[in-house]
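> Here are the chains, one letter per residue:
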Amino acid sequence: MKRKGFRSLALTACITAIAPFAWGCGSSSDGKIEVEIVQYKPEAANYFKTVEDAFNASHDDIHLTISSPNDAMAILKTRFIREDYPDIIGIGGDINYSYFVDAGILADISGYEGMQNVNEGYLEIAEALELVPTDGTYILPYAANAAGILYNRQMFEEHGWQIPETWDEMLALCDQISAEGILPFYFGFKDTWTCLAPWNAMAVELAPADTTKQVNKGQTTFTKEYGELAEKYMALLPYGPDDPFAYNYNDACTAFARGESAMYPIGSYAAPQILSVNPDLKMDSFVMPASDEKEGRTLNSGIDLGFCVTADCKNKEAAYEVLNFLYADDTLQKYIDAQTSVPCKKGNFTLPVILDGMTEFIASGNMTDYQDHYYPSEMSVDALLQTFLIEKNKDAFLKNFDTSWQRYNRDIIRMVQEYEAAHGSAQ
Amino acid sequence: MSKHENERKRTFLLITIPILALFICFNTIPLIRGAMYSFTNSRGFGSHDWVGLRNYIDLFSDARVGKSYLFTIKLAIVTTVVVNVISLILALGLNSKIKAKGFFRGAYFLPNILGALVVGYIFNYFFTYIVPALADMTGLQGLSSSILSSPNKAWIGVMIVCAWQAIAMNTIIYISGLQTVPEDVYEAGGLDGATGWKQFKHLTFPLIIPFFSINMVLCVKNFLMVFDQIIALTKGGPAQSTESISYLIYNNGMSGGQFGFQSANAVVFFIVIVVISVAQMKFSSSKEEQL
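Which chain is which? The protein sequence lines are A and B, in order. Take the first sequence: its letter number 269 is residue 269 in our numbering, and every next letter is one higher. Every position in the second sequence, counted from 1, becomes a number in our numbering once 1000 is added.
Excised from the complex, chain A in its bound form (with noise of 0.2 Å):
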């Protein structure tokens, strides 16, 4: 009698203990295939909606799933954790891209027919972003977005400010404008984040576009690369506001769509957040001047969103059909017209007009890729530049950046390092 009842309550015990991992498994019942898709850009959920309402109404077959989380990042990877990958993940070109194909997540895709029409240009951006060269493609680069310094049209044309071209003409409109009393630049530099976007944009000219690659092979340091670009970093500062650490990315949206400064050093990617504040506002965008050529200029672009076919996936058709429909002319078109971003295809497509400033060096594919693509995550770089900011301590912030580097980028030095010695570096 009492054996067999602890029999049963250890079957309880069990019960309960499994439960919970046994909802996790549901299956569509209606026969149709289905694709989930995670993508990381909460400000284009809307879009996102009308594809996939777009998509379900005309595919009988294949039922179309599109979350748009916030922090999708975060979320990607707690799902991973727990080895539950959605279908197609829409990521941006960057580190988290670079350590997902390191750990065989994604799928390659250079089978998919659709890889023809994508623009070469982004093809070698993503190839680069790859810890150690792997065979084959893993994402299909869907639209790019350009980081230098937007400016209000309007007061430009009004003052007669000429746009510059080289870092002492920068300088001196920037002390053209506040003679006029106007602030030259606004800041929002309490999201951390936001620090980066001058960085990069300045880096594209000062520093090689591999330095981090330089440095994992240990052939040269941060010190050494990153000393001008820092110094003209901080002569920027000035012409900001009072303390650009008390505002957030939206306060410095906010500020500069109602003309509180002329310019604004920050991607295109803002620009649908300062049209919502005041859409009658004129604005352009020019690249950002950092050295004193005017030559070997380049524009500072990456991938902001691409798809990638997680390895998981179950079907791998289905997945390039939903593929198919995304990049799509029209459909791309109508991204690029919401986000005001850079189509990463071929062909004829219409550029949003802030890009203006920018669309000669699109055309002719004269980009470089951001160099916070190949930052660590957790290294925080943003808040070390936010420190130096602060703190105004070039050599300090230097070192660090270094002593940093060497320690949360251990593993991937490593790699590289026995890559290089199994590989040679001739290549």
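Be a bit skeptical, because a hint or two may be false.
[Stated by the list, open to error] Computed list of lysine-lysine pairs in DSSO-like fashion (alpha-carbon distance at most 27 Å, straight line):
# : chain 1 : residue 1 : chain 2 : residue 2
1 : A       : K394      : B       : K1235
2 : B       : K1235     : B       : K1221
3 : A       : K392      : B       : K1235
4 : B       : K1153     : A       : K399
Since the hints were derived computationally from the structure, they do not count as laboratory data.
Since chain A is already given, all that's left is putting chain B on it; use the hints.
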């Protein structure tokens, strides 16, 4: 043992075991798995290698982790003192015979109902725009820029928000404590000349020590694990000056790629909290008075 008593015991067991199973499933197993991850270089996904005690050795030499412990402990101590002093004074006031007592008790409890994120965003606006504007009007130099933008002062902003919210709950606990002190104790004390401060020091406070210790333990534990307020107010900035331990674990472990390392941090943090809580309980239970 009678059969009846056996039945009773079995019923209790039947009630306990499902709960125990749930607890093991959602608390103990994740804890053990987390501890296992702390010996790997896992990024949270993909393959990982065992690295032995490397994460723990790194932990004790990592300046950023050390800074987050100092910040969190400083915040917890100061906030606990501020919260307990203010809520004890409030409780004494709200427990006396004043008009509209119910209304005041409700009003002071309100902050506890609001979500920490909502409160954080409201205070964010308050510190960034309203306080500097007021300071400009009154000519107070020290407050003319947002305290959240200064690495030396941002923690005070976090402290104010934490305290503002926590005072509500602590006041309620103190009020219920004060109501357990019978009126005749005061009457008897009054005959011996114990009034005012003397009455509080020798009669009231010793009798509500159990409530004081509950408040202390809850406060210290809550503020050591401060997270929502940081997310809403500063996101660890400026200059990484307000990175609390929980924030660092979440941010670098989940969003960043330091899953293994931050698991080690979480294990150490868990041990720290257990040790502090047990020490507090031991200390304050030795001070308790019985009527």
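> Are any of the numbered hints broken by this structure? If so, which, sorted upward?
Per hint list: zero violations.
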